[in-house]
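Engineer: Please arrange chain S on chain P, whose structure you already have, making use of the hints.
Top to bottom, those sequences are chains P and S.
Each residue of the first sequence is one higher than the last, beginning at 1 in full-length UniProt numbering.
Each residue of the second sequence is one higher than the last, beginning at 1 in full-length UniProt numbering.
Source of the hints: derived by calculation from the structure; they are not laboratory data.
Check before you lean on any hint, since a few could be wrong.
[As the list claims (entries may be wrong)] Think about it this way: if two alpha-carbon atoms lie no more than 27 Å apart in a straight line, the pair counts; the simulated DSS-like pairs of lysine-lysine are:
1. S/K234 / P/K114
2. P/K105 / S/K241
3. P/K377 / P/K227
4. P/K154 / P/K108
5. P/K108 / S/K231
6. P/K114 / S/K231
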Amino acid sequence: MADIVLDKVSKSFPDGTVAVQDVDLEIADGEFVILVGPSGCGKSTTLNMIAGLEDISSGELRIAGQRVNDKAPRDRDIAMVFQSYALYPNMTVRENMAFPLRLAKLDKETIDRKVDEAAKVLELTSLLDRKPANLSGGQRQRVAMGRAIVRQPKAFLMDEPLSNLDAKLRVQMRTVVSRLQKQLGTTTVYVTHDQTEAMTLGDRVVIMRGGAVQQVGPPQELYDHPKNLFVAGFIGSPSMNFLHAAVQDGELHTALGKVPIGDRVRRELESADAPRELILGIRPEHFEDAELVDDDTRRRGMEFEAPVDIVESMGSDKYVYFTVEGEKASAAELEELAADAGAADFAGAGGNLVTRLSAESPVAEGQTRRVWFNLEKIHLFDPANGRNLTLHEGRAAGALAD
Amino acid sequence: MSINATPTGADVAADETRRPAAVPKQRGGRRKPPLSENKKAERRLGLLLCAPAALVMIAVTAYPIIYSVWLSLQRFDLRFPDQREFIGLENYVTVLTNEFWWTAFGVTALITVVTVAVELVLGMGLAIIMHRTLVGRGLVRTSALIPYGIVTVVAAFSWRYAWTPGTGYLADLFSDGAPLTERASSLAIIMLAEIWKTTPFMALLLMAGLALVPEDLLKAASTDGATAWQKFTKVMLPVMKPAILVALLFRTLDAFRVFDNIFVLTAGGNETSSVSMLAYNNLIRGLNLGIGSTMSVLIFITVAIIAFVFVKLFGTAAPGSDDGERR
Numbered sequence: 001m002a003d004i005v006l007d008k009v010s011k012s013f014p015d016g017t018v019a020v021q022d023v024d025l026e027i028a029d030g031e032f033v034i035l036v037g038p039s040g041c042g043k044s045t046t047l048n049m050i051a052g053l054e055d056i057s058s059g060e061l062r063i064a065g066q067r068v069n070d071k072a073p074r075d076r077d078i079a080m081v082f083q084s085y086a087l088y089p090n091m092t093v094r095e096n097m098a099f100p101l102r103l104a105k106l107d108k109e110t111i112d113r114k115v116d117e118a119a120k121v122l123e124l125t126s127l128l129d130r131k132p133a134n135l136s137g138g139q140r141q142r143v144a145m146g147r148a149i150v151r152q153p154k155a156f157l158m159d160e161p162l163s164n165l166d167a168k169l170r171v172q173m174r175t176v177v178s179r180l181q182k183q184l185g186t187t188t189v190y191v192t193h194d195q196t197e198a199m200t201l202g203d204r205v206v207i208m209r210g211g212a213v214q215q216v217g218p219p220q221e222l223y224d225h226p227k228n229l230f231v232a233g234f235i236g237s238p239s240m241n242f243l244h245a246a247v248q249d250g251e252l253h254t255a256l257g258k259v260p261i262g263d264r265v266r267r268e269l270e271s272a273d274a275p276r277e278l279i280l281g282i283r284p285e286h287f288e289d290a291e292l293v294d295d296d297t298r299r300r301g302m303e304f305e306a307p308v309d310i311v312e313s314m315g316s317d318k319y320v321y322f323t324v325e326g327e328k329a330s331a332a333e334l335e336e337l338a339a340d341a342g343a344a345d346f347a348g349a350g351g352n353l354v355t356r357l358s359a360e361s362p363v364a365e366g367q368t369r370r371v372w373f374n375l376e377k378i379h380l381f382d383p384a385n386g387r388n389l390t391l392h393e394g395r396a397a398g399a400l401a402d
Numbered sequence: 001m002s003i004n005a006t007p008t009g010a011d012v013a014a015d016e017t018r019r020p021a022a023v024p025k026q027r028g029g030r031r032k033p034p035l036s037e038n039k040k041a042e043r044r045l046g047l048l049l050c051a052p053a054a055l056v057m058i059a060v061t062a063y064p065i066i067y068s069v070w071l072s073l074q075r076f077d078l079r080f081p082d083q084r085e086f087i088g089l090e091n092y093v094t095v096l097t098n099e100f101w102w103t104a105f106g107v108t109a110l111i112t113v114v115t116v117a118v119e120l121v122l123g124m125g126l127a128i129i130m131h132r133t134l135v136g137r138g139l140v141r142t143s144a145l146i147p148y149g150i151v152t153v154v155a156a157f158s159w160r161y162a163w164t165p166g167t168g169y170l171a172d173l174f175s176d177g178a179p180l181t182e183r184a185s186s187l188a189i190i191m192l193a194e195i196w197k198t199t200p201f202m203a204l205l206l207m208a209g210l211a212l213v214p215e216d217l218l219k220a221a222s223t224d225g226a227t228a229w230q231k232f233t234k235v236m237l238p239v240m241k242p243a244i245l246v247a248l249l250f251r252t253l254d255a256f257r258v259f260d261n262i263f264v265l266t267a268g269g270n271e272t273s274s275v276s277m278l279a280y281n282n283l284i285r286g287l288n289l290g291i292g293s294t295m296s297v298l299i300f301i302t303v304a305i306i307a308f309v310f311v312k313l314f315g316t317a318a319p320g321s322d323d324g325e326r327r
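Only chain P is shown next, with the shape it has when bound in the complex (with noise of 0.2 Å):
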């Protein structure tokens, strides 16, 4: 068990293209940390590098306050789960999981023991002698942990793990993952795409964007306060929505009707170099059924008419969109979320609002409908640059805040 460092760890390519770029992160000892982010943002690079697969540029790499960049993945004592689960196909299961412990040269009685109880704890001892190929995927999956537990390494790094598990398996095996992990208090890196893994999973999530590391921190202050218009994007499903909203006379003139603005958001517009033009962002959860909303509420927020395109009914609430007019938000960070999540599902920025209203609000499909939303749980963006400009010291607090 230890902690990990990464201090300044880059990593460039011989024709010039930086994978990596100057990432800062202290991993302490038995945290559970997610890397996420879109396809090509580094994060299997990172855990490459802090496996020894891949060398590190420039930067220091340091686990358990030892510096290591120059040491074979061997040397490293760390275990590492592939998506591909990566099992030995000429070993049985048992084989499999003994391998790490045959290598480090354990005498005959250790490794069945230490076999056998990590068998017992994955469920695995009625598949001790089976052959991967003859093993159903969330079984390998199984097998994968197994040989990564077995021998209690100093980390354990997870490459996206379940990403080949079927939906259902999926989550059922995120469970284990998560109790295996409390249980043996492992320091944990753990890849992966799917923003509800992150937020479900880690103890803290890096989001990472081309390279560089775009915010750390646990999953609920990311969800709460993003940094920027790609933090704010990723996490969340359905995702955030987007308006374009232009700045005028103290107002934001938004599709949704004109919002006012409190002192500290107009002082951050009155620099000269204050962008005109903003990214107004609002989580399908803050809106709310005029209908139902009382009076006392009804003053935090703003109301605006629009018709009902689709209704789809959860049961414990109803997820509503609403078309809108007026002009699209447009951002570099919008476009790669979309092309990331492959634009049926990131519905973020496009004509369409997501509203996750009462299950109780008598909505309809094709008529027109008075919502309700709160000013309090608005973010607004730079769209320059994605600056979170609602931020204060590190907390959003909605665009009317004095």
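Structural biologist: Same frame as chain P, now just chain S:
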């Protein structure tokens, strides 16, 4: 289903319903399910489609084989055509009790074992180099394959000149006599020429096997604590095993029929004849069709036995690995 004709819509539909019934048949191999009309027609079409190819095969391979077996059962010397008669297995007795045959057989076996073993090791090294090269990959691969691209006889002549005292640089460098006039050194040179010539082929086959080893598996082995050598022996070799066996089979069969290098380098002098040389000398030079054919048949049988052993080896030595690949 023997040969797949393009399935019509009806065929495909029938295929769906047929499959459950067909499975036990394949496993057990005993009960034949009744054939539907559709399937019978498909089978007839299949037979018709492969008939031309089958006929050509029979004409060019089966006929010569059967004819040489027939010839090997006769006393048939073109110098004495009058004495031709059917003598049963007498030719086989003659050949198998002849010391020239056994000497040649021993030489062939020696060449086969030594060259294939050395080629396997060198070929593996070459394959890894070709597989791992990042810079100038095309150049490396091309230059590695040059020996294989040169006509064997041409290459053999250059080896001969190189080892001839007076004209050759190798002869002057490594010996003071004439190496191609002594048995041991002649055999060594023959094997050297063979190895030089066919190692690239071995490397090519092994490289196909290397491509089968997933990168993740090697990464996993690295983090599991394996050294480079352990990764090679414990992970790469087992995964490559099917490819290695195929490469060995091909090369063993080839090596056992070694001819051109010996023909050019020593012409079989100093007891360096291979069985193919011996068969050639009897058949073409000696015009003894009976004895020559007998030798050809014996070579054929030996090659068949080697192939049989190898194929059996696939079945018994690598269970499960077969399954693993299919998934």
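Engineer: Quick one, are S/K234 and P/K114 close enough, alpha carbons at most 27 Å?
Structural biologist: holds, 21 Å
Engineer: Does P/K227 lie within 27 Å of P/K377 when you go C-alpha to C-alpha?
Structural biologist: Since the Cα atoms of P/K377 and P/K227 sit roughly 14 Å apart, the hinted pair holds (cutoff 27 Å).
Engineer: Given the proposed pairing of P/K108 with S/K231, does the C-alpha separation stay at or below 27 Å?
Structural biologist: Satisfied, since the Cα-Cα distance of roughly 21 Å is no more than 27 Å.
Engineer: Decide if the proposed pair is consistent with the structure: P/K114 and S/K231, CA atoms, cutoff 27 Å inclusive.
Structural biologist: holds, 23 Å
Engineer: If you draw a straight line from the CA of P/K154 to the CA of P/K108, is it 27 Å or shorter?
Structural biologist: holds, 23 Å
Engineer: Between the alpha carbons of P/K105 and S/K241, is the straight-line distance 27 Å or under?
Structural biologist: holds, 26 Å
In the structure shown, no violation is registered for any of the earlier numbered hints.
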